[in-house]
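Asks: Here is what each chain is made of, one letter per residue.
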Amino acid sequence: MAQTTSPNPPPAARSASKSERPIGEDYLRIEEVRKEFDGFPAVAEVSLTIRKGEIFALLGASGCGKSTLLRMLAGFEKPTKGKIILDGQVMNDIPPYDQAVNMMFQSYALFPHMTVEQNVAFGPRQKGMSKAETAKRVEELLALVQMTKFAKRKPHQLSGGQQQRVALARSVATKPKLLLLDEPMGALDKKLRSLMQLELVNIIENLGVTCVMVTHDQEEAMTMAHRIAIMDSGRILQVGTPDEIYEQPSNRFTAEFIGSVNLFDGKIEEDNKDSITIRSPALESLIYVGHGVTGFEGQDVAFSLRPEKVTLSKEEPEGMHNKAQGIIEDIAYFGSHSVYHVRLPSGFKIMANFVNTQRWASERFTWNDPVWLSWGETAGVVLTS
Amino acid sequence: MSKLLRRWMPGPRWLVIAPPYLWMLLFFAIPFAIALKISFSHSLIAMPPYSDLVGWTGKDLTVTLNISNYLFLLTDSLYYSAYLSSLKIAVISTFLCLLIGYPMAYAIARMPVSTRNVALMLVILPSWTSFLIRIYAWVGILKNNGLLNNFLMWLGVIDQPLQILHTNVAVYIGIVYAYLPFMVLPLYTNLVKLDGRLLEAAYDLGARPWKVFLKITLPLSRSGIIAGSMLVMIPVVGEFVIPALLGGPDTLMIGKVLWDEFFNNRDWPVASAVATVMLILLLAPIMIFHHYESKELESKLT
Numbered sequence: 001m002a003q004t005t006s007p008n009p010p011p012a013a014r015s016a017s018k019s020e021r022p023i024g025e026d027y028l029r030i031e032e033v034r035k036e037f038d039g040f041p042a043v044a045e046v047s048l049t050i051r052k053g054e055i056f057a058l059l060g061a062s063g064c065g066k067s068t069l070l071r072m073l074a075g076f077e078k079p080t081k082g083k084i085i086l087d088g089q090v091m092n093d094i095p096p097y098d099q100a101v102n103m104m105f106q107s108y109a110l111f112p113h114m115t116v117e118q119n120v121a122f123g124p125r126q127k128g129m130s131k132a133e134t135a136k137r138v139e140e141l142l143a144l145v146q147m148t149k150f151a152k153r154k155p156h157q158l159s160g161g162q163q164q165r166v167a168l169a170r171s172v173a174t175k176p177k178l179l180l181l182d183e184p185m186g187a188l189d190k191k192l193r194s195l196m197q198l199e200l201v202n203i204i205e206n207l208g209v210t211c212v213m214v215t216h217d218q219e220e221a222m223t224m225a226h227r228i229a230i231m232d233s234g235r236i237l238q239v240g241t242p243d244e245i246y247e248q249p250s251n252r253f254t255a256e257f258i259g260s261v262n263l264f265d266g267k268i269e270e271d272n273k274d275s276i277t278i279r280s281p282a283l284e285s286l287i288y289v290g291h292g293v294t295g296f297e298g299q300d301v302a303f304s305l306r307p308e309k310v311t312l313s314k315e316e317p318e319g320m321h322n323k324a325q326g327i328i329e330d331i332a333y334f335g336s337h338s339v340y341h342v343r344l345p346s347g348f349k350i351m352a353n354f355v356n357t358q359r360w361a362s363e364r365f366t367w368n369d370p371v372w373l374s375w376g377e378t379a380g381v382v383l384t385s
Numbered sequence: 001m002s003k004l005l006r007r008w009m010p011g012p013r014w015l016v017i018a019p020p021y022l023w024m025l026l027f028f029a030i031p032f033a034i035a036l037k038i039s040f041s042h043s044l045i046a047m048p049p050y051s052d053l054v055g056w057t058g059k060d061l062t063v064t065l066n067i068s069n070y071l072f073l074l075t076d077s078l079y080y081s082a083y084l085s086s087l088k089i090a091v092i093s094t095f096l097c098l099l100i101g102y103p104m105a106y107a108i109a110r111m112p113v114s115t116r117n118v119a120l121m122l123v124i125l126p127s128w129t130s131f132l133i134r135i136y137a138w139v140g141i142l143k144n145n146g147l148l149n150n151f152l153m154w155l156g157v158i159d160q161p162l163q164i165l166h167t168n169v170a171v172y173i174g175i176v177y178a179y180l181p182f183m184v185l186p187l188y189t190n191l192v193k194l195d196g197r198l199l200e201a202a203y204d205l206g207a208r209p210w211k212v213f214l215k216i217t218l219p220l221s222r223s224g225i226i227a228g229s230m231l232v233m234i235p236v237v238g239e240f241v242i243p244a245l246l247g248g249p250d251t252l253m254i255g256k257v258l259w260d261e262f263f264n265n266r267d268w269p270v271a272s273a274v275a276t277v278m279l280i281l282l283l284a285p286i287m288i289f290h291h292y293e294s295k296e297l298e299s300k301l302t
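Chains S and Z, in that order, give the protein sequences. 49 is the number that our numbering gives to position 49 of the first sequence; each next residue is one higher, with no gaps. 73 is the number that our numbering gives to position 73 of the second sequence; each next residue is one higher, with no gaps.
Please keep in mind that the hints were generated in silico from the structure rather than gathered at the bench. This one's a predicted model, so the numbers in the text were calculated from it and none came from an experiment. One thing to keep in mind: the hints can contain errors.
Stated by the list, open to error - Keeping only pairs whose Cα atoms sit at most 16 Å apart, straight-line, the calculated EDC-like set for lysine to aspartate or glutamate is: (1) K211(Z) / D98(S); (2) K78(S) / D52(Z); (3) K37(Z) / D52(Z); (4) K314(S) / E247(S); (5) K81(S) / E133(S); (6) K177(S) / E205(S).
What the hints assert, rightly or not - Partial list, computed: chain S residues near chain Z (C-beta under 7 Å): (7) N92; (8) A100; (9) N102; (10) F105; (11) Q126; (12) K127; (13) M129.
Note that beta-carbon positions come from the ideal geometry of N, C-alpha and C, so glycine has one too.
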């Protein structure tokens with residue numbers, strides 16, 4: 001499939017394996033979907049387009065509506081309003097057992113009274129595949145997820161990671177058009193998680209199945225997905241590739257939800273064609289942003305600055321803007337880097353990362369040291385909402 | 001030495017284990033041993049109405065085991081057909097209880113928690129009235145000019161009363177009515193634990209509702225079905241009150257035969273033999289089943 005000429009260029013991928021994947025045309029369309037429970041909207045007017053072969057993540061805190069949206073895609077819930085269109089077919093009124101959509105459940109929901117083999121064979125058998133064909137398919141899939149040895153075991157005899165592989169094999173056994181993953185790593189411990197994340201992505205890519213996953217873990221979404229939708233209170237706040245979401249948050253919620261951030265509230269002081277300055281009560285100097293912003297002078301904005309984009313120094317940096325002096329109040333040492341919490345005279349605290357490139361570099365700054373903080377003119381993002 | 005002492009001295013563990021064993025000993029093992037003893041004796045017209053097994057003639061200690069009571073059970077076809085008919089009635093009524101109780105238990109388990117407790121209450125509530133009174137009430141319902149017949153005649157479905165009372169149909173109605181809670185409760189406890197996500201997973205994989213029930217719900221509720229069936233079948237085999245009150249002259253159940261041997265024929269040894277054989281008949285399938293179950297449980301643990 002050479003789809004490099006598709007109207008939707010593949011999103012900038014962050015890992016080598018993801019970029020190899022051909023991303024196709026629009027495949028799943030969610031149009032103005034709303035779901036109410038007892039009059040309370042769990043999902044409010046969500047519209048999304050997901051492309052063929054894409055791994056798409058719905059990311060949000062618990063109760064944001066992401067699971068409800070996923071359950072609607074699976075057919076377990078009916079939208080109160082709006083349409084779900086998969087491969088040109090409206091899915092709203094099709095019961096789950098007639099949909100070519102399969103879900104990998106959060107706790108896997110493997111059938112405890114069946115062996116691994118029988119679990120994987122369940123879908124194909126229900127869809128009317130012959131016994132011989134099913135056996136072949138099961139063998140193929142178990143080989144793919146490296147579970148051939150365990151074919152005769154029961155689920156409770158498997159480890160968490162093994163159960164997950166079986167669950168994945170089971171959910172793709174009928175070659176679904178759409179694969180749904182509900183908190184795929186939720187039941188695994190941290191070490192196994194990062195290992196399985198990449199493995200799962202590899203398997204899904206080998207199969208070429210379009211995939212929508214739900215997670216509350218941003219790291220998981222960033223590693224696994226091509227594109228991410230940030231959800232809050234039933235709405236989608238931003239859709240983008242992982243780096244877009246991180247580096248160009250379009251709103252306050254996204255900026256705060258993904259990673260850690262310093263947020264300065266302020267007003268636009270000068271609005272030029274290709275630069276603006278912002279005055280924030282937290283800072284003595286002005287914030288200078290080296291690109292134009294659609295706004296007006298005096299408008300309330302927030303300036304978002306990631307801790308790793310802040311430079312720490314003992315001497316005062318050059319220039320008039322984008323700097324502040326403060327006192328180190330806390331140091332969080334993470335080994336590879338340290339996060340310094342610096343208190344400004346205004347009382348505002350700024351987080352600044354410092355990469356520990358030398359073994360004892362962390363001793364350079366210590367508690368109660370006065371330090372200078374500075375950042376470049378394109379380091380931060382101006383948020384108007 | 002102290003090791004030996006510790007081994008034989010009752011520890012705190014025993015305080016916990018002892019009561020159920022004591023219970024079983026007092027209320028099952030000893031009475032059964034007595035019945036077993038009587039079953040091997042001769043019938044006498046005396047007080048008590050049976051002979052001693054152990055004799056002492058001054059020199060010889062004799063133990064006489066009289067097996068003629070058991071042989072008698074084999075020769076008289078009454079006992080043979082009473083056992084068979086009891087088992088048949090027990091099996092059929094267990095099956096009927098399952099057929100009625102399963103949907104009930106399933107429905108209760110799927111109710112919201114608040115209504116669930118009310119529904120469970122309704123299942124248990126009738127057993128607060130005396131068992132005997134409830135069975136008597138069925139006499140009033142089923143007799144020729146009883147509630148049911150009068151109602152059906154008023155409806156015009158029948159023009160003369162149906163003979164239900166004193167037939168096996170009445171016995172089945174009575175047994176199913178009386179033992180239904182014993183089927184519903186274990187099934188409910190099992191079904192309420194059923195993970196709804198498994199059902200969703202099955203739907204998701206393309207199984208239609210009926211298939212989901214057959215392939216997932218039913219096999220996963222197996223232990224509940226077995227527990228309920230045991231709780232119904234075992235007491236029904238020895239049931240006396242229901243066939244005595246609702247059954248007719250052709251209702252043959254071992255409980256009634258047992259009663260007649262004890263109180264009408266005053267043949268305690270034969271009655272004891274009847275009881276012993278009944279126990280063995282019930283115990284054998286339970287033991288086989290239990291063996292099979294624990295084997296499966298073991299394989300689950302390893």
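Asks: Of all the hints numbered above, which does this structure not satisfy? Sort the numbers upward.
Replies: 2, 4, 5, 7, 8, 13
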